[in-house]
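Asks: The lines below spell out each chain.
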Amino acid sequence: MNGRAALVAISLGVPLAIGSAQQKRDPMSGMDHMQGMKHDSAGMPIPMPRGMPMIPGLIGLVPSGGTFVPGGGIDPARLPLAKPSQLLRLADGDTIDLTAMLVRRRIKGHEFAMYGFNGEVPGPLIRVPQNATIIARFHNRIDLPSAVHWHGVRLDNRSDGAPGVTQEPVAPGGSYVYRVHFPDAGIYWYHPHVREDVEQAMGLFGNMIVDSPDADYYGPANSEHALMLDDLLINADTLVPFGADGPDFALMGRVGNVLLTNGEPSYALHVRRGEVARFYLTNAASSRTYNLSFGGAQMKVIASDQSRFEHEELVPSVVLAPAERYVVDVRFARAGRYAIVNAVQAINHYKGEFEPEVDTLGFVTVDAAPVRADYGRAFATMRVNSAVTKDVDRYRGYFDKPPDKELTLTVQTTGLALATVQFMTIDTAYYAPVEWIDGMPDMNWLSTSKEVRWILRDDATGKENMDIDWHVARGSVVKLRLFNDPKSFHPMQHPIHLHGQRMLVIARDGVPTRNQVWKDTALIPVGSTVDLLIDASNPGDWMLHCHIAEHLGAGMMTVLHVDR
Amino acid sequence: MIGVRQLSLMFAVPLLIAAGPYDIPLFSTPKAPRASGSARLVFAQSPFGISVTADGRAQYDVQVAVSGLPSPSSLGAFRAYVAWAATPDLQRWDRLGPIANGTTTVGHVTLNKFLLVITAEPDSAPRSHAGPTVLHGTSPSGWLQSFLNHPMFRGITG
Ligand SMILES: [Cu+2]
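Here the protein sequences come in this chain order: A and B.
With my numbering as the guide, the letters of the first sequence map in order to residues 385 to 948.
With my numbering as the guide, the letters of the second sequence map in order to residues 10 to 167.
Hints were generated in silico from the structure; no laboratory data involved.
Using N, Cα and C, we set each Cβ at its ideal position, and we do this for glycine too.
The reader is advised that the hints may include incorrect statements.
[Claimed, not checked] Partial chain A-side listing against chain B, Cβ under 10 Å, derived: (1) Y601; (2) P700; (3) S701; (4) V702; (5) H733; (6) G736; (7) G859; (8) V901.
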């Protein structure tokens, strides 16, 4: 008997306590659930990590609800091959057409029917000057309703692309016109806000770089590269199907087993010795948090979602939760080959041990020939961005005020398979603040948005998710305290995203942040209390939600109304 | 087969985990029986939402709150109390910094699992630990060390 089977046996024999009052007390739910399962072999088997057997009580079960695959099983050979992202330099007043469509992608020797914008994965890289406004005509040519959300952009509410809040979903065959204004320099991205767990995972995302009129906004760099990080879950040679009625993998999110950079499993870049390469990094994955480094090359973090940092810092790695962006400069001082790796400490739930997990995203090859313009000295200088400090100074007086709103992040489950419940119960011995990989994909797969409800709960009223009716006046400076309850049934980190505004992470676990940057997405680790200061200057109805696509699909969202 | 009654018990009893994932209860030793305290792990400062090393180990500062520590000199030729993070096999000891009664923040810890040990030392920056242990605790991640540390087996009964 392996270790895990032994644990399950213990849990069956002992009247176990359950990890949370949030768990619905429905003793028969597991049994009912098993009997009610539809059996559909399309999704089996779920790939498991090395050395992790499937949980005995779960073998043979499949998620509730039917399955969905893009294109409805269409032969990928009939579809156009996806193209790499093309740069679209746009000026104020320009119009673009953005078409969501089916494409063929070749990944690890297999061909899949997936999605792309304008046939590209990632979609076109839109590069605009700060303060430009563009018209984007969106055409939905995929087999699901869709829309486009312009993530992080403080634009007019009508163009936010949040179905159910600012517009109706665009039906297959339909179109919608967005007017996108870019008030802040930085790195942004666009993606659908409809079934993100499917549409984004299948390739519907693209970057936007907004350039400051100040040519010296960032320090000098020899080259610039936009990297969209993403992962994909495949079986031996098929995509693992998606839930038809709502997301599956609702506990932890659909964590892929193939890591992709700009849609490809292997990224390659050639630079010269001494080159300073600027990377615009975006985490477009549904659920995975990255810890990225460039083969030990020196790395400097200079900006994040919506602005530069107050001051630049050298960092050993860059951590990106879903939807977060960072701008980093990397100097490749010596010739050779540098592996770009995502390195984390996974937890082997069977052995109760941490195990290093290293995925290589690609390589940077550094030529022996030196770079023509050597920016080594500028790279070694940590710039101080006094304009950011001056801007933040206007808000510092609010840092110590009591929170205007306190939200607890938690979860409620019902009808999960009995083995899942028992397993989770035992697992409450310890939860990592960030669960880097999915150690238990089989039970994760069986949890759908029917069984799992992720919750933002207003501590003051007890109201949850969309029942929270939160209005603030335009121009308010709002302090929001988020507590990620570690005693819930299955605590997880949550990257919380606020549409249409900007915010500062002013404190984590009571410790003030020392280097400010304007953000639209902030990671809330398990057990942590994070204070956000929101500059609520943009009127409208704005979504506040977890950016793990499956958590969003399982209810973890509310709306902040910024009244005129 | 598991009975309905047993299942009801499973769901009816709230699990009383001793502390959140960031808290470490500290236990005293016979050297300082009146000492007591706890520690809280907070992420070290970082430009990101969390602080980790390049290989993904969490990087914490430790807020140590203690009371009842006697004067170090009452235990021998000692002048300071020092906090250490030791690997579970006690092969590696990382000095975190001096502490005193009250709340002190020391750091950084970058071990996946560790014991938090407070010893009396001749000075506040000793190269290695030598004096007697007065308080100790286990990082929450250390609960994974043994299934016997599951809350169920730590005094929580149905
Ligand atoms: Cu979440």
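Asks: Now look at each hint and say whether the structure bears it out.
Replies: Hints versus structure:
| no. | hint | in the structure |
| --- | --- | --- |
| 1 | Y601 | 18 Å, violated |
| 2 | P700 | 4 Å, holds |
| 3 | S701 | 4 Å, holds |
| 4 | V702 | 7 Å, holds |
| 5 | H733 | 9 Å, holds |
| 6 | G736 | 4 Å, holds |
| 7 | G859 | 27 Å, violated |
| 8 | V901 | 7 Å, holds |
Hint compliance for this structure: hints 1 and 7 are broken, all remaining hints hold.
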